[in-house]
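Going by this note's numbering, the letters in the sequence shown line up with residues 1 to 50, in that order.
For the record, the hints were derived by calculation from the structure and aren't laboratory data. It is possible that part of the hints are untrue.
Per label pair, the in silico range of CB-to-CB distance [said to hold, decoys possible]: (1) Leu38 to Asp7: 19 to 25 Å; (2) Asp5 to Glu48: 37 to 43 Å; (3) Lys18 to Lys47: 41 to 47 Å; (4) Phe8 to Ser37: 20 to 26 Å; (5) Lys47 to Ser4: 29 to 35 Å; (6) Glu48 to Glu20: 43 to 49 Å; (7) Phe39 to Phe8: 24 to 30 Å.
All C-beta atoms in this analysis are idealised placements derived from N, C-alpha and C, irrespective of residue type, glycine included.
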Amino acid sequence: MGFSDEDFNRVNDTKLIKKEIAYRQAGNSIVVNVLVSLFYYIYKIEKESH
Numbered sequence: 001m002g003f004s005d006e007d008f009n010r011v012n013d014t015k016l017i018k019k020e021i022a023y024r025q026a027g028n029s030i031v032v033n034v035l036v037s038l039f040y041y042i043y044k045i046e047k048e049s050h
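Just need the whole structure built from these sequences, with the hints factored in.
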């Protein structure tokens with residue numbers, strides 16, 4: 001999802017939130033590289049149409 005296992009483990013190691021909540025939040029996240037690619041192609045199509 002765009003973050004490393006180390007980042008996720010760091011959240012779990014802090015014991016500030018339950019593992020179930022951390023997993024849910026990770027599941028609700030988006031892959032940053034996919035979002036960047038989508039914006040790139042939308043921008044490219046818009047630019048070519050004008």
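Consistency of the hints with the structure:
no.: 1; hint: Leu38 to Asp7: 19 to 25 Å; in the structure: holds (23 Å)
no.: 2; hint: Asp5 to Glu48: 37 to 43 Å; in the structure: holds (39 Å)
no.: 3; hint: Lys18 to Lys47: 41 to 47 Å; in the structure: holds (46 Å)
no.: 4; hint: Phe8 to Ser37: 20 to 26 Å; in the structure: holds (23 Å)
no.: 5; hint: Lys47 to Ser4: 29 to 35 Å; in the structure: holds (34 Å)
no.: 6; hint: Glu48 to Glu20: 43 to 49 Å; in the structure: holds (46 Å)
no.: 7; hint: Phe39 to Phe8: 24 to 30 Å; in the structure: holds (25 Å)
Checked against the numbered hints given earlier, the structure satisfies every one of them.
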